[in-house]
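**Q** Take these sequences, add in the hints, and give me the full structure.
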Amino acid sequence: MATIASEHAFKEILTSLPKPGGGEFGKFYSLPALNDPRIDRLPYSIRILSESAIPSEIPFKPARVLLQDFTGVPAVVDLACMRDAMKNLGSDPQKSNPLLNMELEFQRNKERFAFLKWGSSAFHNMLVVPPGSGIVHQVNLEYLGRAVFNTDGILYPDSVVGTDSHTTLIDGLGVAGWGVGGIKAEAAMLGQVEYITLFSPF
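Residue numbers (this note's numbering): 1 to 202.
Treat the hints loosely; a few may be bogus.
[Unchecked claim] Using 25 Å as the maximum straight-line C-alpha spacing, the simulated DSS-like pairs for lysine-lysine come out as follows:
#, residue 1, residue 2
1, Lys61, Lys11
2, Lys110, Lys95
3, Lys184, Lys95
It is worth saying that the hints were derived from the structure and are not from the lab.
All values reported here derive from a predicted model rather than from experimental measurement.
**A** What follows is the structure in structure tokens.
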């Protein structure tokens with residue numbers, strides 16, 4: 001069976017990231033391997049967007065989605081409703097899951113806590129940060145942000161879209177992140193691409 005990497009148009013720039021003692025951490029699509037001197041003049045944010053677009057051949061697909069309780073609860077309600085609809089149509093409701101990592105921070109409220117706790121156990125790829133851990137953009141910076149994701153041995157930069165207006169603070173760690181509305185966040189969770197308009201960098 002062919003893998004995504006073997007069928008990919010840019011497979012020649014798929015580069016191994018070696019471990020110091022032997023072996024490899026995984027593979028990544030190396031922009032310098034394109035041997036284009038213009039790449040060095042690109043801002044780091046554009047390099048992240050370019051590298052993220054290569055493995056998927058899409059405009060942009062964030063690595064994760066960040067929600068606070070105000071927008072997170074309706075998103076989980078929508079996912080639960082999708083499961084009910086799938087069951088009513090005779091399909092397997094367990095197939096209705098976020099495809100991206102979904103991280104949700106919420107404040108103290110017993111009913112919300114119980115509902116979101118259920119959601120974190122019912123859905124895959126959903127992490128719920130408990131109350132008292134900090135405000136959402138602080139939790140994103142100090143706990144959730146990471147430099148690199150590894151999916152099936154393919155390494156790619158962390159990136160996030162969030163429903164909090166301070167999501168862009170994660171850019172201080174070199175992680176591409178920006179705010180989106182609730183519908184766009186839900187679309188990203190379900191594997192839809194985030195369409196953004198890019199100017200020509202060259």
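**Q** Now look at each hint and say whether the structure bears it out.
**A** Here's how the hints hold up against the structure:
1. Lys61 to Lys11: 19 Å, holds
2. Lys110 to Lys95: Given that 25 Å is the threshold and the Cα spacing comes to 28 Å, the pair is violated.
3. Lys184 to Lys95: Status holds; Cα separation ~21 Å.
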